[in-house]
Amino acid sequence: MRILSLVRITLLMFYRRKALWIASIPLALFALFLAYASPMSPGFSNTDGLVFTGQVLAMFTPLAYAASFSDLMTAGRRTGMDELESTSPLPMAVIRSAHVLGAWVICISSSLLFLVLIAVHQAFKGNGKAILVALAVALVILSPSMLIAMGISALLGALLPTIVARILAVLAWAWLAFYTPLLPLPTLNGGPLAVIGDPIAQGWFHTDPIYAPANGPFTVQSGVISLLWQACIILLLFTGANIASNHIKAQV
Amino acid sequence: MFISIDHLTKDFRGRPAALNDLTVDLPQGMIGLIGPNGAGKTTLMRILTGIIKPTEGKVFIDGQDLSLPANRRNLKRHLGYLPQHITPYDNLSPLGFLDYIGILKMIGNKRVRQEQAHTLLEQVGLDDVMNQPIGGLSGGMRRRVGIAQALMGDPQLLVVDEPTAGLDPEERMRFRTLLAQLGQDRTVILSTHILDDVAQTCPWVCVLRFGRNQYDGPTEGLIHEAAGHTWVTPPIAAPPDNATIINAEPTPQGTRYRIVTDTPPAGSVETAPNLEDGYMALASER
Ligand SMILES: Nc1ncnc2c1ncn2[C@@H]1O[C@H](COP(=O)(O)OP(=O)(O)OP(=O)(O)O)[C@@H](O)[C@H]1O
Ligand SMILES: [Mg+2]
Chain A
1 MRILSLVRIT LLMFYRRKAL WIASIPLALF ALFLAYASPM SPGFSNTDGL VFTGQVLAMF
61 TPLAYAASFS DLMTAGRRTG MDELESTSPL PMAVIRSAHV LGAWVICISS SLLFLVLIAV
121 HQAFKGNGKA ILVALAVALV ILSPSMLIAM GISALLGALL PTIVARILAV LAWAWLAFYT
181 PLLPLPTLNG GPLAVIGDPI AQGWFHTDPI YAPANGPFTV QSGVISLLWQ ACIILLLFTG
241 ANIASNHIKA QV
Chain B
1 MFISIDHLTK DFRGRPAALN DLTVDLPQGM IGLIGPNGAG KTTLMRILTG IIKPTEGKVF
61 IDGQDLSLPA NRRNLKRHLG YLPQHITPYD NLSPLGFLDY IGILKMIGNK RVRQEQAHTL
121 LEQVGLDDVM NQPIGGLSGG MRRRVGIAQA LMGDPQLLVV DEPTAGLDPE ERMRFRTLLA
181 QLGQDRTVIL STHILDDVAQ TCPWVCVLRF GRNQYDGPTE GLIHEAAGHT WVTPPIAAPP
241 DNATIINAEP TPQGTRYRIV TDTPPAGSVE TAPNLEDGYM ALASER
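One line per chain: the protein sequences are A and B, in this order. All residue numbers for the first sequence refer to UniProt numbering, where the first residue is 1 and numbers rise by one. All residue numbers for the second sequence refer to UniProt numbering, where the first residue is 1 and numbers rise by one.
Keep in mind the hints are simulated off the structure, nothing from the lab. The beta-carbon is built from N, C-alpha and C at its ideal position, and this holds for glycine as well. Check before you lean on any hint, since a few could be wrong.
With beta-carbon atoms standing in for the labels, derived distance ranges [to be verified]:
no. : chain 1 : residue 1 : chain 2 : residue 2 : range
1   : B       : S67       : A       : P161      : 50 to 60 Å
2   : A       : M92       : B       : S138      : 55 to 65 Å
3   : B       : N109      : A       : A93       : 40 to 50 Å
4   : B       : D90       : A       : H247      : 39 to 49 Å
5   : A       : A174      : B       : S4        : 53 to 63 Å
Here chain B is said to cover these stretches of chain A; the calculated rule only asks that three of the stretch's residues, wherever they fall, bring their Cβ under 8 Å from a Cβ of chain B [stated by the list, open to error]:
no. : region
6   : 80 to 91
7   : 236 to 245
Examples of chain B residues toward chain A, derived with CB under 8 Å [stated by the list, open to error]:
no. : residue
8   : I51
9   : R73
10  : L79
11  : H85
12  : T87
13  : N91
14  : L95
15  : D99
16  : K105
17  : R111
18  : V112
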């Protein structure tokens, strides 16, 4: 209950951050355009289209969040809010988790809105489960990728100067999300550890993956593995960011 | 609350000790913490509030050793703190911010939080702006938001670090009155460079210098340090030697100085000391 009130207040803290909206809405619109116009696109008129749109949103919008959240764990040190928060009987980990959840709600809201609009349109056309699919896509495809991008940003921001962290986090996300055979870099895409939802999209929603799977089509289990792996990564990133920022504070 | 500070030392890497073997007992009530820049006031407050740990030594609050996590947690339930430098989340309104602090202080009931927030914001004179974003408020108004948040949850121990810095005279008076009321049934530790604030509100005072305890005791006692040494000179041309000058009043005949010294110039009149005189007398002893 208490964490919910905290999350509610954090929402207020983040929703007035103009930079967040200015960065994420154009990216979301661009992703929507790609999801519609891409040669791979199944269009907006069926469930496959919803899943595909979710995946494209999951590739592009995290770029904004990778750039935005480098000060998630460190801003409080500059403003003195860290000191105030650490005099609360609530553990700092709880307070920070609330901040992350609040930020996440803000991040997902614009993409979710677009997905739901498409789904409502489909529902009127007779696709009874469209809205459920949109919500599921937001939860299992969009959320993990957004949280990973935020976590990378927060961790790098706790370790490095903020501006460097922003750039590196965007590059890291670009590496995770976009793969081209032109660059001699290994990639997680095509395997069960991909972070843009291919294993879940194909394994659970039976759509075509964006990157061809390396070892045969993704199965239900690949989806489960992928989600668990992403959950672990998210936990590790934020725990690491929390520890790193506390440690740096302890040194001064 | 009764605070006992026992051989407290705090070293920051590569600097002289911020606190140096400090031992002092602080009684219940209003306590003024004064001393020059860099004396260690903020460091002491951060240790008392459990934000940082001392390098050596211990703090006991009502006999509870603060080095034990359980005791720190217990203390935090009864603690209000105003850091010296704080920028509240500027996207929130004062009301929203106090609500947030109320949650952090584990006030579960939203109505209770809102009522407290309203009352406190009225007490610090922010009723007109309680719904505007903090980012748009003036520096002094933000300071008052900070004061109000420290009072959320009716804390038994209130630690305020230069609360009146940047307040206009009216607000400072108002805050003094508020503090004096609060100090009747709790412990308030107030650090400040405005000695008048201490003289008006704190019966007990502790003077830090170079991380050491230079004086602790009744405020009267500190004033008494300058008794028999405080003089007002006749109008003269040049400031007197071997004297600490408290203030200088220009007159047509020359300048009239208020000084603390053992060797006043001829014609000086002894006068009753105030806290400034006492503080300066103590400072000039070293
Ligand atoms: N985080 C820190 N890292 C390194 N040194 C510090 C830190 N905080 C305080 N110090 C040092 O400790 C000493 C005491 O500082 P402190 O802030 O406690 O003084 P203060 O009495 O509050 O001074 P002021 O009146 O200027 O606020 C100073 O020499 C300061 O440089
Ligand atoms: Mg200070």
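We went through each hint and held it up to the structure:
no., hint, in the structure
1, B:S67 with A:P161: 50 to 60 Å, "34 Å, violated"
2, A:M92 with B:S138: 55 to 65 Å, "31 Å, violated"
3, B:N109 with A:A93: 40 to 50 Å, "24 Å, violated"
4, B:D90 with A:H247: 39 to 49 Å, "27 Å, violated"
5, A:A174 with B:S4: 53 to 63 Å, "57 Å, holds"
6, 80 to 91, "holds (count 10)"
7, 236 to 245, "violated (count 0)"
8, I51, "5 Å, holds"
9, R73, "6 Å, holds"
10, L79, "6 Å, holds"
11, H85, "5 Å, holds"
12, T87, "4 Å, holds"
13, N91, "4 Å, holds"
14, L95, "11 Å, violated"
15, D99, "7 Å, holds"
16, K105, "6 Å, holds"
17, R111, "12 Å, violated"
18, V112, "12 Å, violated"
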